[in-house]
Amino acid sequence: GENVEQHPSTLSVQEGDSAVIKCTYSDSASNYFPWYKQELGKRPQLIIDIRSNVGEKKDQRIAVTLNKTAKHFSLHITETQPEDSAVYFCAASEGNNRLAFGKGNQVVVIP
Amino acid sequence: NAGVTQTPKFRILKIGQSMTLQCTQDMNHNYMYWYRQDPGMGLKLIYYSVGAGITDKGEVPNGYNVSRSTTEDFPLRLELAAPSQTSVYFCAAQGWGYGYTFGSGTRLTVV
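Chains as they are written, first to last, in this note's numbering: chain A, 1 to 111; chain B, 1 to 111.
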């Protein structure tokens with residue numbers, strides 16, 4: 001099955017700086033890559049996603065890039081704010097419509 | 001449009017007791033999932049369903065059971081609760097080719 005890995009496990013950034021989280025996947029047939037944000041004590045929520053026919057997608061301060069050749073995709077957060085502090089999960093689609101999740105990255109924005 | 005609704009939000013069980021975690025969705029999605037999330041950890045798949053009347057095991061099914069008699073409902077049954085089942089449980093629903101919508105979770109403590 002699909003294997004998704006996230007790096008780094010914890011990322012600390014100064015408020016206003018950018019944060020980048022990278023995920024790698026193993027199955028070249030994966031074609032859908034969502035990112036979820038989970039604030040402390042809350043549910044994971046979809047914040048952005050990308051499909052394999054697109055290389056980059058932006059939504060205000062967040063963007064996702066996809067490199068199919070290298071089998072990795074990254075979440076970019078610009079002008080970080082304290083409310084960006086959370087755990088971020090990446091995922092990749094499997095052939096049975098399920099998602100394989102990474103283990104999550106803790107992002108800490110230091111005011 | 002409530003999305004995915006889980007009840008109860010919190011529960012304390014004694015060892016050996018049983019309970020059912022309820023999950024209902026109003027998005028008419030065929031795919032539904034149960035995950036558990038231990039503190040500081042990622043999501044582990046317990047059971048999933050690809051439609052009414054069809055269920056299958058995930059990676060950690062022991063001690064749990066599910067049923068899917070309707071598209072809307074996907075209850076998770078815990079029999080003979082054990083301390084190892086202390087966790088936060090998330091239900092999710094998914095349309096074909098899209099991300100998951102998670103419920104708000106049930107925080108279960110077994111004492």
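There may be inaccurate statements among the hints.
One-sided and incomplete, this derived list gives chain A residues near chain B with beta-carbon spacing under 8 Å [stated by the list, open to error]: (1) ARG43; (2) ASP49; (3) SER52; (4) VAL54; (5) GLY104.
Under the rule of at most 25 Å between Cα atoms (straight-line distance), these lysine-lysine pairs were calculated in the DSS-like manner [unchecked claim]: (6) A:LYS103 <-> B:LYS14; (7) B:LYS44 <-> B:LYS57; (8) A:LYS22 <-> B:LYS57; (9) B:LYS9 <-> A:LYS42; (10) B:LYS44 <-> A:LYS103; (11) A:LYS42 <-> B:LYS44; (12) B:LYS44 <-> A:LYS71; (13) A:LYS103 <-> B:LYS57.
FRET-style restraints, in silico, Cβ to Cβ [stated by the list, open to error]: (14) B:THR5 <-> A:SER9: 27 to 37 Å; (15) A:GLY41 <-> B:ALA2: 14 to 24 Å; (16) A:ASP17 <-> B:SER69: 43 to 53 Å; (17) B:SER69 <-> A:GLY41: 24 to 34 Å; (18) B:ASN65 <-> A:GLN60: 13 to 23 Å; (19) A:GLY41 <-> B:ARG77: 24 to 34 Å; (20) A:SER28 <-> B:THR7: 11 to 21 Å; (21) A:ASN97 <-> B:SER67: 44 to 54 Å; (22) A:SER26 <-> B:ASN28: 30 to 40 Å; (23) A:LYS57 <-> B:ASN30: 31 to 41 Å; (24) A:GLU79 <-> B:SER104: 28 to 38 Å.
Treat the hints as calculated values from the structure; they're not laboratory data.
These numbers were taken from a predicted model, which means no experiment stands behind them.
Idealized CB from N, CA, C, for every residue including glycine.
Quiz prompt | Violated hints, by number in ascending order, as checked against the structure | solution = Of the numbered hints, 3, 4, 6, 8, 18, 20, 21 and 23 do not hold.
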